[in-house]
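Top to bottom, those sequences are chains A and B.
Residue 185 in the working numbering sits at position 185 of the first sequence, and the numbers go up by one each step.
Quick note: to get the working numbering, add 1000 to the position in the second sequence (first position is 1).
Hints are computed from structural coordinates only; laboratory data are not their basis.
None of the values given here were measured: they were computed from a predicted structure.
Hints may be right or wrong, so weigh each one.
Claimed, not checked - List time: in silico DSS-like cross-link candidates among lysine-lysine, alpha-carbon distance up to 30 Å:
id, chain 1, residue 1, chain 2, residue 2
1, A, LYS319, A, LYS250
2, A, LYS319, B, LYS1023
3, A, LYS319, B, LYS1227
4, B, LYS1397, B, LYS1339
5, B, LYS1024, A, LYS319
6, B, LYS1349, B, LYS1023
7, B, LYS1406, B, LYS1339
8, A, LYS249, B, LYS1024
9, B, LYS1008, B, LYS1433
10, A, LYS319, A, LYS249
11, A, LYS250, B, LYS1023
12, B, LYS1397, B, LYS1433
13, A, LYS178, A, LYS157
14, A, LYS300, A, LYS249
15, B, LYS1150, B, LYS1024
What follows is each chain in one-letter form.
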Amino acid sequence: MPVITVREALRQALHDAMQDERVFIIGEDIGHYGSTYGVTAGFLEQYGPERVRDTPIAESGIVGIAIGAAMVGMRPIAEIMSVNFSLLAFDMLFNHAAKIYSMFGGQITVPMVLRTTNGWTQLSATHSQSFDVYFAHMPGLKVVAPATPYDMKGMLKAAIEDPDPVVFIEHTLMYTVKGEVPEESYTVPLGKARLAREGRDITVVTYSRMVHLSQQAADILARDGIEVEIVDLRTLRPLDMSVAIESFKKTNRAVVVTEDWQSFGTSAEIAARLYEYGFDYLDAPIARVNFREVPMPYSKNLELQTVVTVDRIVHAIRKTLS
Amino acid sequence: MPDITMPKMGFDMQEGTIVRWLKKPGDIVRRGEPIAEIETDKVTIEIEAFESGVLTEIVVQEGQSAPVNAVIARLNGGNGSQAPAPVAAAPTVSTSAEASPLPASLPETPAPPADVGDIRASPLARRLAREYGIDLRQVRGSGPAGRIVKEDIEAYLSARGGAPASTPVSAPPPAPTPVSAPPPTSAAVSAPSPAPVAVSVPPPVPAPVGVAQPAASTVVPLSNMRKTISRRMIQSWQQFPHIFVSIEVDMGAALTLRAQANAGRPREDQISVNDMVVKACAIALLAFPNLNASYSDEGITLHPTVNIAIAVALESGLMAPVVVNCQDRSLGSIARETKRLVALAREGKITPDLLQGGTFTVSNLGMYGIPEFTSIITPPQAASLAVGAIRRTPAFKDDSDEVVAKHLMILTLSADHRVTDGAEVARFLNEVKRLLEQPLALLVG
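Next up, chain A with everything else stripped away, as it sits in the complex (with noise of 0.2 Å):
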């Protein structure tokens, strides 16, 4: 099976959904200037203006076309550069694409996709953030978050052919890990965790690019004969608990890895559940590592305190083993 990076990934699957005369692909710099992280470059030349439509700073916008290209039975692919901008957004995403559905006693869905990218590298506190918890809080919207190129292609297909309007969370750091994709064209569902590491000791709940810092820590933890089971949930919402309460129950330790705040985070809902569906299983306080509470600095030094680390994980999990 072939070996490529997510990037190629996501190329696959969008090159494969343009099959479809309904799909295109609308955001900023996505078509002369080749997208920000080279997703859809060349996509301009090959399926022309009318299908790769680079737009103007508005991502409001952007979002409306989409929404309403949906209901009228287009299958749109929106790009938001950066989630930081997706603020502006806000509005078209909670009040009209999460609430059409329902507010039309079902007579209409919006089957759009919206990518957009987490990230950060000396991009400053505007720049840096990560909102997976404000579309996760939201009915109406699904949410997902993989972290490898196996899930991204299969995800992202799945997304497009999804009837509801998901958002599908990349990550600038992860555009080159690389993993084994099918050439051809597959589907992997949404709403459906996996375990991404099997072990006997303690359970890391995670996703997206922190599975792949999991799996360093989970290596580094081996030497010491600590097996790390470690489950990807893929999905934000609908969130599927089942194999992370599972493998709860087996190691009765959890550590919560996620790369947004804590407080309110989705940290916070992941061992929630953990604590309610896993009670009577439950041997330890269950950990959250995640990012330091303040707006992300500049600073090289001080981003790489704030941000999770390899060693922060380590060091929780051996704190929750001990």
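Guided by the hints, dock chain B onto chain A, whose structure is given.
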């Protein structure tokens, strides 16, 4: 900051002396853990913390005395409680004059609350402890701040013998053996054959440990122990016509003798008032074989040995280990055997054979200051003695009009009226009274 105060250990206790601190400032104290030994005018006893926290200050040093309710140490509230932290008599001590033995046969036995809520233990450890009938207070926690975790439960289980012990044991049927040697004489009593009596004592089954109860009323499922107690007590109460007869005993001489006997004896070898009562019963029962017996439709089985069950309250419920062959034991032997059995019971190491074969039961609520009470007979025994507290009471001296302070204690015998009658019970109690009031007889009998 909860204060630890000098507990009132006996009805007439005014002050106590700290013999030894078992904790030093800075130590973590867990609720239920012994923290100090105190000495009253009667006893030396361990006291245990009612609250968890860190011992921050010792107010009364070793060797010093303090009045009841005076602050002897301070805890800085590990659980955030603002309530004062009184201390309770550690029920583990059996050297107390009034401590340890508790009624076996009261259905509403006031066993210490099975509340382990303040012990640090993970939910998983709590659940496992519930399932295996483990008293969490017996388990050492290896987690942060002494938290008990699954591993500690597993270690405890494997140390205990691996088995998920205390599986519910159904009470053995009350099968009084028909008398094979019929003549109800003292000869039969001294026959050295083993006691073939199956005495059903509640087995050491798990009781649900304290979980936080919601405000609304809830139905707590019956533990197997409660079911057993319920069944046995109903059987006794419905089928055994009880008579209750009380007598007052002047324990002055017994206390003096006990003080003399205990002087210089190691603590673990000390004799309690309860031991003296047991010894007096053992002697008296030789003269009253009808009260060391079991009723059945075939006849009254007179047991050849005097095996006295001592009711002991436990975290997980109640059990009554049996001091066998009391007729052949010295007072010291009874004391040692009782202490051994109580310790085994508290450690969860008691085995069923140590709970069987009782022919008579002694229950004691003296440690609670209860002046008198009645107990329900444990089938298939014929009698059960309820021992009240020793109370310093104004009383006439002999036949004069002079009022003096006496140490009085009330004994109440519950007896099976099918086996015996009030007059015989009265004579038996008078004999027990005589033995306790002229206690040298306990040493030679």
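Status of each hint after checking the structure:
no., hint, result
1, A:LYS319 x A:LYS250, "18 Å, holds"
2, A:LYS319 x B:LYS1023, "28 Å, holds"
3, A:LYS319 x B:LYS1227, "43 Å, violated"
4, B:LYS1397 x B:LYS1339, "36 Å, violated"
5, B:LYS1024 x A:LYS319, "28 Å, holds"
6, B:LYS1349 x B:LYS1023, "26 Å, holds"
7, B:LYS1406 x B:LYS1339, "28 Å, holds"
8, A:LYS249 x B:LYS1024, "39 Å, violated"
9, B:LYS1008 x B:LYS1433, "27 Å, holds"
10, A:LYS319 x A:LYS249, "19 Å, holds"
11, A:LYS250 x B:LYS1023, "38 Å, violated"
12, B:LYS1397 x B:LYS1433, "17 Å, holds"
13, A:LYS178 x A:LYS157, "18 Å, holds"
14, A:LYS300 x A:LYS249, "40 Å, violated"
15, B:LYS1150 x B:LYS1024, "29 Å, holds"
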